[in-house]
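Novice: Given next are the chains, with one letter for each unit.
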Amino acid sequence: MTATAAIVGLGITDMGKIYDRSGADFAADAVTQAVADAGLSKSDIDGLLVNGNLWPDSQPTLQMMLGLEDLTLCSAMTAAGSTAGQLVQYATMAIEHELASAVVLLFADVPLRRGVGSGAAYNMLDFWPMTGMSGLRLAWGEFGANPSYALAARRHMHLFGTTSDHFGTIAVGQRQWALMNPKAQITKPLTLEEYHASRWVVEPLHLFDCCLVSNGAVALVITSSERAADMRQPPVYVAGYGQGHPGDNQRRGRDPGVHTGAALSGPLALRSAGVALTDIDFLELYDCYTYTVLVTLEDYGFCAKGEGGGFVSDGKLAPGGSLPTNTGGGQLSSYYMWGFTPMSEAVIQMRGQAGQRQVPKNDLCLVSTQGGILNFHSTTILSKSRQAGS
Amino acid sequence: MTINPNGRQVPLPDDASAPFFDGAGRGELMLQACAACGAWMWPVKPRCVECWSDSVQWRRASGRASVYSYAVMHGDFPGFVSPYVLATVETEEGVRFTTDLAGIGPDQVHIGMPLTVVTEQLTPEVAIPGFRPAQA
Numbered sequence: 014m015t016a017t018a019a020i021v022g023l024g025i026t027d028m029g030k031i032y033d034r035s036g037a038d039f040a041a042d043a044v045t046q047a048v049a050d051a052g053l054s055k056s057d058i059d060g061l062l063v064n065g066n067l068w069p070d071s072q073p074t075l076q077m078m079l080g081l082e083d084l085t086l087c088s089a090m091t092a093a094g095s096t097a098g099q100l101v102q103y104a105t106m107a108i109e110h111e112l113a114s115a116v117v118l119l120f121a122d123v124p125l126r127r128g129v130g131s132g133a134a135y136n137m138l139d140f141w142p143m144t145g146m147s148g149l150r151l152a153w154g155e156f157g158a159n160p161s162y163a164l165a166a167r168r169h170m171h172l173f174g175t176t177s178d179h180f181g182t183i184a185v186g187q188r189q190w191a192l193m194n195p196k197a198q199i200t201k202p203l204t205l206e207e208y209h210a211s212r213w214v215v216e217p218l219h220l221f222d223c224c225l226v227s228n229g230a231v232a233l234v235i236t237s238s239e240r241a242a243d244m245r246q247p248p249v250y251v252a253g254y255g256q257g258h259p260g261d262n263q264r265r266g267r268d269p270g271v272h273t274g275a276a277l278s279g280p281l282a283l284r285s286a287g288v289a290l291t292d293i294d295f296l297e298l299y300d301c302y303t304y305t306v307l308v309t310l311e312d313y314g315f316c317a318k319g320e321g322g323g324f325v326s327d328g329k330l331a332p333g334g335s336l337p338t339n340t341g342g343g344q345l346s347s348y349y350m351w352g353f354t355p356m357s358e359a360v361i362q363m364r365g366q367a368g369q370r371q372v373p374k375n376d377l378c379l380v381s382t383q384g385g386i387l388n389f390h391s392t393t394i395l396s397k398s399r400q401a402g403s
Numbered sequence: 002m003t004i005n006p007n008g009r010q011v012p013l014p015d016d017a018s019a020p021f022f023d024g025a026g027r028g029e030l031m032l033q034a035c036a037a038c039g040a041w042m043w044p045v046k047p048r049c050v051e052c053w054s055d056s057v058q059w060r061r062a063s064g065r066a067s068v069y070s071y072a073v074m075h076g077d078f079p080g081f082v083s084p085y086v087l088a089t090v091e092t093e094e095g096v097r098f099t100t101d102l103a104g105i106g107p108d109q110v111h112i113g114m115p116l117t118v119v120t121e122q123l124t125p126e127v128a129i130p131g132f133r134p135a136q137a
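Protein chains in written order, with the working numbering: chain A, 14 to 403; chain B, 2 to 137.
Note that these hints are calculated values from the structure, not bench results. Computed from a prediction, not measured in an experiment: that's the story for all the values here. Worth double-checking, as some hints may not be accurate.
[Claimed, not checked] Simulated restraints on C-beta separations:
no.	chain 1	residue 1	chain 2	residue 2	range
1	A	R267	B	R48	32 to 40 Å
2	B	D77	A	T204	22 to 30 Å
3	B	H111	A	D292	15 to 23 Å
4	B	W59	A	L138	24 to 32 Å
The C-beta atom is built at its ideal place from N, Cα and C for all residues, glycine as well.
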């Protein structure tokens, strides 16, 4: 496919336990950085797509907060953690159909509060409805998203003999990448022994199987391929994309934690880009948990279902490996901006601006974003040339 | 928000869910099923998720289930003493949901373990189903 749009601007704020800045401040910081990075000015922006999240102000009204006037495209959208990929896809289609010419995509969140642990930020006690059947969740002791992923990982371990060593290899490899990322929240090395010694969050998930929680924001600017060709930054072309949302309804017949939306989404994205899995140089995979990386690799077909553990065990995802993956440390070790974590690192690597951690070959990248406990999934193929694979 | 004396979060039954909570008080597991095609579903659906019939009704399930997957919760959670077992259970009818198995130790639970429903009385007014190992 000949790409119709490209990512031309990127803004990343400081990340992590930053308590003295508002969501709006992070949002404005990321957006002004991204627009300047693209070599554009405020008046050039005619589209805004906001990633809906836990910050209640992630709304289309951010337009006014940011002083953006006379937009021809504006929405807040959500399909949980998978949204970033969707925003790139919808912006690309909007540009293709001339609804807008320069679209800002934004994720800003401030879940961390001073004196409150990261776990508490997502444990749902503050907002989960107790009325009717919904109330069973907390009454039955299921707090936050960690249990769902632990249950999925346990099922995979049971069916296929996947082990904590396999998960630990992913955590250790991503930490190696993070040590070369100046934006990463975590700056300490991690050994497999330290991984195993880390506390259980929800068994079988250790602390280092779980992503960080971050305050911060990321913004992207997308424009047409024609316009992108002579802009300030090397264009990162949107070469292909797909989505897959299985819709498990908690009934016998599906294995929802073991077969994810990636299996539907990946082939669609590759087909639309006109490339094969073997053409992909590196991966930026949504990694809310180590297990998510493993199951996504399987569902994309990098290995057969059930063989993810063996596939990652040689360290091929880590620096120096044959399949560089989550090259900034991912959500596990750099920062947690939902799908904007993999998407932002993909842009940095595709531009060749990753410094010490730059991957050796960066013609084609596959980005996955997912959410809703392995249900909502989107895949985006990014290309250095406008004609992917050429 | 209602919290029982143990700190446990207590659901507030509404019209749509009342048959489920009433059943729990009798030691029964009530599930929705489609009168048109017979599909069982979870939790409360406006139409049958299989055939879109609006003839969805509550039926008494067998109360037999088994462990589909499990996890062990660690940390401070209101109403529970950690570590405690959480499990996705699959009922005999083929419906799955995630519930605590706090009466079953982390070393006892296993995938496939047969379970039976019991009454878990959270307050004098509100009961929910609980699960215990089934007698072989």
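Novice: Hint by hint, note whether the structure agrees.
Specialist: Checked hints:
Take R267 (chain A) and R48 (chain B): their Cβ atoms lie about 19 Å apart, and the range 32 to 40 Å is violated. Between D77 (chain B) and T204 (chain A) the beta carbons are some 28 Å apart, a value that agrees with the proposed interval 22 to 30 Å. Look at H111 (chain B) against D292 (chain A): about 43 Å separates their beta carbons, and that is not inside 15 to 23 Å. A C-beta distance of roughly 29 Å is found between W59 (chain B) and L138 (chain A), which places it inside the suggested range of 24 to 32 Å.
Figure legend: structure checked against the earlier numbered hints; hints not met, in rising order: 1 and 3.
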